[in-house]
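Going down the list, the sequences are from chains L and D.
Residues in the first sequence are numbered consecutively from 1487, following our numbering.
Residues in the second sequence are numbered consecutively from 36, following our numbering.
Keep in mind that a hint or two might mislead.
[To be verified] Chain D stretches covered by chain L per the calculated footprint, using a threshold of three residues with CB under 8 Å from any CB of chain L:
1. 38-44
2. 47-53
3. 96-103
4. 181-191
5. 263-276
Think of the hints as simulated: they come from the structure by calculation, not from any bench.
Every residue, glycine too, gets a C-beta built ideally from N, C-alpha and C.
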Amino acid sequence: MSPDVIQAILLTVVTAATPLLIAAMGELVVERSGVLNLGVEGMMIIGAVTGFGAAQITGSPWAGVLAAIICGALFSLPFAVLTLSLATNQVATGLSLTLLGLGVAGMIGEQFVGLPGVRLEAVNVPFLVDIPLIGRLLFGQDPIFYLSIGLAVGVWWFIFRTRAGLTLRAVGDSHGSAHALGINVLRVRYLAVMFGGACAGLAGAHLSLVYIPQWVENMTAGRGWIALALVVFASWLPLRVVIGAYLFGAVTIAQFHAQAQGVAIPSQLLSALPYLATIVVLVLISSNRRMTMRNTPASLGKPFVPDR
Amino acid sequence: MTRIELVRRPQHSALFSVLSPFIAVLITALIGGIMFAMLGKSPIGGLHAYFIEPLTEVWSIHELIIKATPLILIAVGLSVCFLSNNWNIGAEGQFIMGAIAGSVMPVLYPGITGPMVLPLMLVMGMAGGAAWATVPAFLKARFGTNEILSSLMLVYVAELFLDWLVRGPWRNPEGFNFPETRSFHADAILPEMLSASGRAHYGFVFAILAALIVWFMLSRTLKGYEIRVLGESPRAGRFAGFSAKRMVFFAFIVSGALAGLAGIIEVSGAIGQLRPAISPGYGFTAIIVAFLGRLNPLGIVAAGLILALSYLGGEAAQISLGVSDKVANVFQGVLLFSVLACDTLIRYRIRIVRPQPAAAPEPAR
């Protein structure tokens, strides 16, 4: 294979991985605060449809990106109010956020079906982009890719190197103790959930402005759920989320390359690969209990009602 | 700032246990009305089209029963799962695998006819759904794998498997290349109950029977007690000698079998062949049904009829008002949110705390 072909393949892998990386990074922060939000798929599709719509109306893909981030964060609010202020079951509430998101996005998106999209163009650093093998990979990608790398580093730095990150971890590991120390547990969790929503929204915008610049109903196709699995796979560590996202990107892309090579396997089996891979990975991770238990936020999924 | 505070009730409120689903439906209707107003339609007209119009004609009541059948069957099974704290959200996949397994006879052996074909199909459908549900159950019991994610991933796999079958090996040889299997022969079709007035088939009877049986099991047998204890306090269950691992299998197999039964009933009663898409998301809507019915099989029957109404209302409103039938999905999502919010009233008193005037110094005691 020539360097150009290798680079082209790597580029597709990275593009497929970016929305997973962003959504999983947001969910990681949410879960580190002790909240399990199964609504990632719903917030992501809201980001995809609002991002597409805002870009259509304004003609600017950046307006789409901004709209997706804001709408993703806003859309996480009903989940936050229910699970945090009303102490509802997080699993059921997260599910309903996903169902609601798919419904609302389907309704909003009906007017966008079949419209040509607005593409968020790649950044091309002159000269550097022409370096063989790595030029386009490092200096010629879409802006959201660079945002995703910044996000990964930022989340790692925030969680392990700042006082606020320590507070976040304290709330996730023992909300009772954090409350006793005078930390406003619910406020930390509200902020974390909205950050997760903003990330999921941005991931959705990547789908409808970069990956497939158009609106297709249910275009997230389970990516929100795979992002949730990635957080478990990464045992709540940001750098492992990055590795996991690129591995899953590679699995997703493998099907297209296999089809292009004319491999005699039914296309549906290849399309099922990312989902099957998710299950396999979850099994491998969960069977290694010591590794999972070490980083699992101890209060994950448990409602917190402060005593007064 | 005004904020919400929860005050734990000493006991669950019996009043709100009964009222909360009704309040939830009211809130949903209210939000629905606002939504219609925002779409530029009359709120009353919109709600009328959704929830009243489908009930005014006999044929459409038949359709209501057809749509309620899979919702009730699946949700009854899910109630066993959710009560025992097993989060099976892959019922959609179990529905599809049940439909596939149940269709083996009429698709691959169309020459075999007779009165035994239909019962065999139903049993195979249940087995197919149960087998598919055993996968996440096994992974959870053996490796501690998160069942939410594994059961959901299997939905996509089941959908792709069905797609492959109807486009590939199971495609009707006389079907002009349409992606569908041959039509089921007469002995493989679930008969209609009152064929003079509409299409409703005997599947509804199965749904009611399933609800009654599971209701009896949950409320009148030791197994039902075991399900509740393990769901609410696994530790207490262990001391009582109940096995959480066996409960995982039990809950998943019961709900998988019922979802599979729903699948083959839908295919044999309402569709008459396999196609790439056989469900408008029944497996997910059934989650809403289960919660709206407060995880009680008898409540689930009522809840199933209400959610079925939202599907029909969606179609009716599209025709009479020109609003998208997607509005139905929004309604369903809002309804589940309202149900969960209202359930809080059962366990907590809600107190709105207003901003207090500047704190006066405490009087000395």
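- So which of the earlier hints does this model not fit? Per hint list: 2, 3 and 5 violated.
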